[in-house]
Structure formats: C-alpha cells, structure tokens
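K.L.:
What follows is each chain in one-letter form.
Number of protein chains: 2
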Amino acid sequence: MKIGIAQINTTVGDIKGNFDKIISNITKAKAENSDLVVFPELTLTGYPPRDLLIKKSFVKKNIEVLHQLINFTENIAIIVGFVDEKDGKLFNAAAFIHHKKIVKIYHKMYLPNYDVFDEKRYFTAGSTPCAFELKGVNIGLTICEDIWIDDGPATTLSKNGVELIINISASPFHAGKEKIRLNVITKQAKENNIPIVYCNLIGGQDDLIFDGRSYVINSSGELVQQSKAFKEELSYISNIEGKDEIKFIENENESIYNALVLGVKDYFRKNGFKNTVIGLSGGIDSALTAAIAVEALGKDNVRGVSMPSKFSSDGSISDSLDLAGNLEIPCDVIPIKSIYTSYLKTLKIQFANTKFNVAEENIQARIRGNILMALSNKFGYLVLTTGNKSESSVGYSTLYGDMAGGLAVISDVLKTKVYELSNYINEAKGKEIIPVSTITKPPSAELREDQKDSDSLPEYDVLDPILKAYVEDDLGKEAIINLGFDEAVVTRIIGLVDRNEYKRQQAALGLRITSRAFGQGRRMPITNRWKDD
Amino acid sequence: MKIGIAQINTTVGDIKGNFDKIISNITKAKAENSDLVVFPELTLTGYPPRDLLIKKSFVKKNIEVLHQLINFTENIAIIVGFVDEKDGKLFNAAAFIHHKKIVKIYHKMYLPNYDVFDEKRYFTAGSTPCAFELKGVNIGLTICEDIWIDDGPATTLSKNGVELIINISASPFHAGKEKIRLNVITKQAKENNIPIVYCNLIGGQDDLIFDGRSYVINSSGELVQQSKAFKEELSYISNIEGKDEIKFIENENESIYNALVLGVKDYFRKNGFKNTVIGLSGGIDSALTAAIAVEALGKDNVRGVSMPSKFSSDGSISDSLDLAGNLEIPCDVIPIKSIYTSYLKTLKIQFANTKFNVAEENIQARIRGNILMALSNKFGYLVLTTGNKSESSVGYSTLYGDMAGGLAVISDVLKTKVYELSNYINEAKGKEIIPVSTITKPPSAELREDQKDSDSLPEYDVLDPILKAYVEDDLGKEAIINLGFDEAVVTRIIGLVDRNEYKRQQAALGLRITSRAFGQGRRMPITNRWKDD
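Sequence order for the protein chains is A and B. Under the numbering used here, residues 1 to 533 are what the first sequence spells out, in order. Under the numbering used here, residues 1 to 533 are what the second sequence spells out, in order.
Derived by calculation from the structure, the hints in this document are not laboratory data. Predicted model, so just to flag it, every value in this text is computed and none were measured. Among the clues, some could well be false.
Which copy is meant is left open, because identical chains are indistinguishable; a pair holds if it fits in one copy or across any two.
In the BS3-like style, the derived pairs of lysine-lysine whose C-alpha atoms are separated by at most 27 Å in a straight line are [unchecked claim]:
{"#": "1", "residue 1": "Lys177", "residue 2": "Lys120"}
{"#": "2", "residue 1": "Lys86", "residue 2": "Lys120"}
{"#": "3", "residue 1": "Lys337", "residue 2": "Lys28"}
{"#": "4", "residue 1": "Lys56", "residue 2": "Lys21"}
{"#": "5", "residue 1": "Lys441", "residue 2": "Lys431"}
{"#": "6", "residue 1": "Lys337", "residue 2": "Lys21"}
{"#": "7", "residue 1": "Lys30", "residue 2": "Lys345"}
Only chain A is shown next, with the shape it has when bound in the complex (with noise of 0.2 Å):
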C-alpha cells in the first residue's frame, strides 16, 4: 500500500482555499499511485479556528465541503480532517473517505485543554477509537493529542489488532519540541510494537508556527521517513518495516530562523500584506527582525527607517544604514528632534517645574511609533515590532511607541537568543549581515543621555535565565533562587514581569517559538495582587 503524507499549509477560515489543495494533492497522489493520502488536522477550516466555531454558518459550509471531496475520491482514500456535527455538539473530527463514500468518520478522544489549546471550549470528545480496512490493512485512525496519551486509543487499537496507525496532526513549534514529539510516537510505536504515520500541519497562523515534519516511524520504534521542517510537502511511504532508519537532526538556531521566516511570510501573505516598514535604531533586535523580514518577504519588500534624535549614537544611524547596505533594503532618515522640540513647547505649561524622566523618553518613542504608523497608513506597509522576549517581559519597552506595529516578530526570543540568531545569520549566509558593531556594542535604548540596558536592568546573561525559570518554567520565587541567583535581583525582576502584564496585553501579536510565549498560551490576570515571598 502506498500512502501520501500531505503536509500542507492551510489557513484558518478559507475552506475553499483549503479544499482546493486538497484536491490539487489527492490529483497529484493519484498520478503517483497512491492508495490513500493523508491531510493534516481540521484540514478543511485551517487550525485553530477558535470562535469561528461559534458560527453556525461557518461548521455548516465546512461539512458541505466535506461532502463535495467524496466526488474526487475515485480509486483513492483520503483521510481529512474536519468539523463534525451532531445533536448540536462539535467534534474535532477524522473523514475516512474511499470510493466516493465516507466510510468512517472519527471524533478525536483527547482534546487538550492547556498553553495555546482552547479544544474543550469547542468539541465534544469522542467516546470511541476508530479503525478501518484499506487493501486488506488494518488501519488505526488517531487525532494529535490521541497520540501523546499513555495507555491511549493507540494502544486499545493495537490490542485490537490495528496494523498501522495513522495520526492527524497540528502539532505547533516551538524550540526543543520536534525531539520531544518524536520521542512521545517513537514510544509509542515501540510500546504497542505497530507502525505509525505522523502528518503535521505546516504554516504560520497568527502567533503558532506549524513545522510540518512529518514522521514514519517503523513498529521497533525507529524513524525511517521525514518530511520536511517548515515546508509544503507530499511524500510517499510504502514498505515501512522494509525502510532503514534515518538519523533524526536537530539545529535550535536554524529551527527558530526558519520557523521566524514562516510566521512572517504567512503572517503577511493571509492577510494580505507584502510590505513592511521597520524603525531601525542600530540595535540588534531591529537588526534581526529586519534581516528575518527580508528573508521572508524579499528585499524589495522591506523598507527601513532610522529615526535620530538627540541622544542618538553617531553608530545609530551608521549601524542602520550599514544593515540596509548588508540587507540592500532602502533606510529613510526621519530625525524626529523637531517633533520631539514642539511635544515639549506644547507641553510646556504642565510640564513646568518637573524633571526630564520617562514622560519624555516615552515621548520619543511615541513619535516614532506614530511615523511608523503614518507610513504604513500611507502605502499600505505592515509594522512589525522589534521588542525581545526580554523587555517585553519586564516591560523595558513603550507602549503605542517602539510596540506600535501589526507583528513582534522575535518577542518570545530572549535578548541572549537574538545575539545567537545573529551570529547564526550571519554564519550560515557566509558574510556580515547584522553588522558587527551592532553585535558588539552594548545594548541602550538612547531615549536619554548616556542610556545603556544596563543601567535598569541585570546584565542578559543573568536576565534571561531568571525570566526562563519565572515565566517559561513557572518556577516560583523559592525555587528561582534556589537555581542560584540572588534574592533582591530575582524579586525585582518578577515584579517586573508581574507589573507589566498591561502592556504585554496591548502588545501586537508575537510570533512564538519557546514552550511558553507571552500571548494565549500564558493568561495571566492584570488585576493580581499576588506577591510570591
């Protein structure tokens, strides 16, 4: 039996764009010869569709669709996931569809409820675990999160003598995570000692990032097949037992560029975007997300803009231009003084008789998120954000200034990673993209005088760790110290964290690639008088 793995990208809400591939793939699967070809989860309506599922309309149009595949099933299965409706309850559901008929359909069992997954807000989980024949094969049909459970409805499949299990997934990325799904289906396949076919979801969708990678692991546990990280791919597999083992490579650096690349490209082409304009102060935060921008949309599709003002670096104009010149982007130099002098004639009166603080440094930054803005309203450019995980966490960051803009793209990547992305950048396209100075000189905001990072905050080395252990791992304060970092610098830096959970919530939208990302995956309440002492 010969089955296509296609691992495509869909968009949440677009069931006829959706159902389009799918027919353009079962087309190209057949000309292969394949008996059966499988799609990812919810492939019809896109994952996650979240409150579309509360439209009528919107489950109604994804079931009628479903029935116009079973015309182009001739001489082929299919294995496509959809919404399933019944008794007025939703199931996120598997169509086993063969011969112009639906032969089965599967309502997924587990439907997790945690980080970034709202499935329980949605669906019903099924009650019964689903197989079917195929050309005198006994085929187990599962759905994600069916498959990361022990003792789940694969091993029941195999102890009812399921020969081969196939999942369905939308598995997202985040760094670390294409090793720790491995190991949860090796483990399986091992344990039930039966072969399995792992089709993952490509593509960007708002802050997840879908990597695809697609396994076929053998019934001793070993993974002979993958599809390619962050790719559309529809491969074949035939003779599973009968394949040798294939080593399974792991690169952090390269899965986040690349993983960065895809949520901005698909960021921009769903929504109908295709250029952006990004403030270019000189720092590496901008530096980075501008060279992922180009990668992503192409040179001719990026445009920087420097904007000085008086506590400007000399390197903050250079560095930029230097990265335009590497990037060979266009880089605008907008000085924003005259516009910062008449904020402060205006304000005169009641600014009178206060000092220069943050009222004035915010102000700066306003300006430019305000001319950001302007262009972008002018010729229609998307803004992306240029914030790290790190300021975003404690709020080292202007909200509507250098915050003002529709995608963050690198603000779940701590300001330690960025220099690693940097340095990987640069490495892997053989020449100094992300300019050296901006690598080495030390971090400074410049909204006054002689700034530095430093001067609010812990060196990042120390930083970051604190913020992985407090917002990735949760760890509370006890155990935080207990890591070996000391009591004030920890209690300052969570309170910080805990302090600027309004600002995160009016952040836009951040890309993310760790186990925890600022966003859906972490709802933490605004109003909380919780102080871990």
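With chain A fixed as given, assemble chain B onto it according to the hints.
P.N.:
Frame of chain A, contents of chain B only:
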C-alpha cells in the same frame, strides 16, 4: 439556624487580603449569633485567578491560608472557596469548616469552559455531590455552574434528603444577567422543592464585573431576600420558608451604569491608581466616560484634556469645557496644531505627491494619544480610553491614538446605548451632566474637514442591531439579512468587524457589560479568511 451571606469583594492574588476580609466577616457574623457564614467562589484566591493557578507556590499558599482560617471557626461554621490540590490535580473547591475542623471539602462538579470561562484549563471536575449536617439541618453544597445544570447536583442532593442548598458563585454581570440567573435558581428551587441560598461575588476584576445580588429563594421558588447590587454586604437569613416574597426589580441602564462605575473604581483601587486623565473631544463617548470616572474616582481625581486641531469644531472645546464645568473637574486645553505641522514637515519627503488620507487623520489621533500618555507618565495618571463598542466593532478608531490608555470604560457599550446612558445620568442626577449640545450634535471624529461618522458608517440605529446580531449573537450573514437589513450594508459591516480584529487585540482591557464583549470572551483569529456568503 441563622446564616450569614458574606457578599464580599475579593482581589485576585491577594490571598492575605482576602483572608483578612473573611476573618472580619466571621467576626461580625459571630457578633450577630450566626451559625454559618457563607463566602463566594474561590474566596481565598479571588476569581478568576487564571494562570496564577499554574504556579505551585500560589496554590500552596492558598491551602496554607485555608488552614489558618480554621482557628477562627470556634462556635461558628463557614463555607469558603479555595483551590484544592490532590495528586497533582487542582479542584475548584469549597470547605465547610466548623468548630475548628474542616468537616467537608467539596470539588465543583461542573466546570464552565465557554465565553470568559476557562475552568477546564486548570481544574479537574469533582465526581461527588456534597452534603453535611448543621444544627440538625441537612445542607447540600454547590459551586456556581453546578446550580445551572438541569438534573444536576441540586437534584441529586434533594433526592438524597438535603433540606437546603447553598451555592457559592462568581457569576459575572452582563445586562439582563440578573434576571437569567434568578430564573435558573428559582427553577432549581421549585423543581427540587428546596430552598436555595445563593452567595455571589461582587467587585471588578479586569474586564469582568461581579454584581453580587445574592439571592435567597424558598422551596416554592420565590425570591425572599436579595443582597445589594454592586456593593459588599453581609446579610442574614433565618427562616426562609417563613419569609414573604419580595419584588425583583430590573433597571438595565442603572445596572450598566453602576457596573461601569464599579469596574473603573476597582480597576484603579486594586491596581494602585488614584487619578485619571481623559481626552475630551466634545463628543458623547468621552463625556460619558468622564462622568463615569468622576462617579468612580471622585472629581478631584479626574482631569480632562481638550486637544483641538484645525479640524475641530468650535463645539469641541466649548462642549468639553461645559462638561468639565458640570463635573467640576479641571480641563486643560492643549492645541495639537504645531505638533501636527512638525510631523507634516518632517514627513515632507516621504509624503510628497500623496493626497491627504487616513495617514494624516491618524497622525492627529496619535499626537493626542502621545500627549495623554505623556501626562500619564509625568504625573502617574491612568489614561481612560473612550471608544464605544460600535466603533471598536468596525474599527472606527485609531490604534495608539484614541485607543491609547489603560482601561476602555465603554468599549462594550454600543453607541445607541451610549446615548441612553448619557440621558440616564442627566435624569438620575436631576441636572445636565452630559451637555445637551453633546447629546444632540451629529457624531464626528473631526480628523478631516466636515467629517461625520455617517460619512463612513450607516446610522447607529441601523449599525448597532447588525453588530449585536453578528458580534453578540453570532448570527451568520443570511440570518442577519433575514432580520430585515440590507444585504450590501450587512456584508460591508461584517467585513469591517472581521477585518478589524487586529485592532481589538491591541486594545486596552474593556469592561464587559454584554453577554459577548470583545476580549477573552470572543477569541477570534486575526488571520482569518472566512467570509460568510
């Protein structure tokens, strides 16, 4: 038996503060010779604690403090809500503590996981109804959602001989909710022929406003006692069946107004803010917002700012000053003309040969946002945003402009309701608070020459019902047209609603007063190609 119903205002995360409030209510109830005092759902943690529940140290602390409570129960019984933990699983729990002993712990059996509720994200459902005996009375204990279930725990308990049901709740307000809630509890009492004491939370927690209104219902389903709306109260009930039925009074505008006032008051108080600054445009939205702010914070804590541009009408300043006069608050007049001119000069090269468009409009709105935030940063004011739900729905607002601020007071209030509430305030106060000229003039953003809302949008009495149908009732296009609206208008409006999701996801937290507010209760993808045709 005398039961105290302690309808208290807890704060999320403030376990110590909530503990103190519990103790003080126990002390008072003891002085009144109560046998039992009942507190709202999740009393110790506040509701909803959201992802604080993922922090082990948080859950641990709440259990420690529960045990400290035991010492305060000599000669009195209490029912208090807390988070229980067993074998690594969390439960939304209530403890019945009597004579310095935890007699029973109940685990909530029905966990809401829809709308603004995410309880299945954190909690495991309990499996056993809970009853205990106090002074010879067999009492059943339920938590919030439990009482909303037909043939649920209330029925099981009454079949098992329970004589009184106590329900501790955190049921958030929306317009009309008090009646829905009363009907549900009445029905349970009547069908199960059992009296019910229903203790609800009061207070603002981010977007949610809990209205209290704790009910006592006799076994015939008659309302015999009701606690205050939107206020803390410790009330007592002794002889439920011996009490006469009282009248249930509804007043929608009064309720919404009080809800918004409490929402503002508690957001400031619980987050440590005292003062606000509000941009006054002369329009009705900022006028209503300022009136609510003055009621919530006191006139000495509210500052208005009028920021006229060359497109502002004369009424813009004079109506703002009239409003400020009526509210007895200061109002700065800060013209933005010179700042606006400096932006245009600075962007002269980039904007050469382009026509005045939304870019220039939004520059003005963002200058105003920057000025308000500068005053906020300089003086510690929290900025209130003034956009209504009609604007927010169709994106008739400027990100980082009029959307800049910490709390969106009326973002869940449709424009037609904004008028109603303004008239309500003038009537309730018996004098002109919102200037009549503000109420009668045609709404305008005043960002270009002679602009009117009606240039871009249908009249609000057409727009608002379409928005209600689409946003609040989740109707599809066809269903909305069938209500009697023009197809072209409906198509255009729902397209605008969909397209502006990105703006709303960067909006300030908005107080929820309808059954479907933007925010955590409506989780739409931004990347979304669904078109309902």
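K.L.:
Run every hint past the structure and note whether it holds.
P.N.:
Hints versus structure:
1. Lys177 <-> Lys120: Intra 23 Å, inter 24 Å, cutoff 27 Å: intra and inter.
2. Lys86 <-> Lys120: For lysine 86 and lysine 120, the Cα distance is within 27 Å both inside one copy (16 Å) and across copies (22 Å).
3. Lys337 <-> Lys28: Neither way: lysine 337 and lysine 28 sit 59 Å apart in one copy and 62 Å across, limit 27 Å.
4. Lys56 <-> Lys21: Within one copy only: 24 Å inside a chain, 45 Å across chains, cut-off 27 Å.
5. Lys441 <-> Lys431: Classified as within: same-chain Cα gap 19 Å, cross-chain 63 Å, threshold 27 Å.
6. Lys337 <-> Lys21: neither (52 Å within a copy, 53 Å between copies)
7. Lys30 <-> Lys345: Intra 72 Å, inter 62 Å, cutoff 27 Å: neither.
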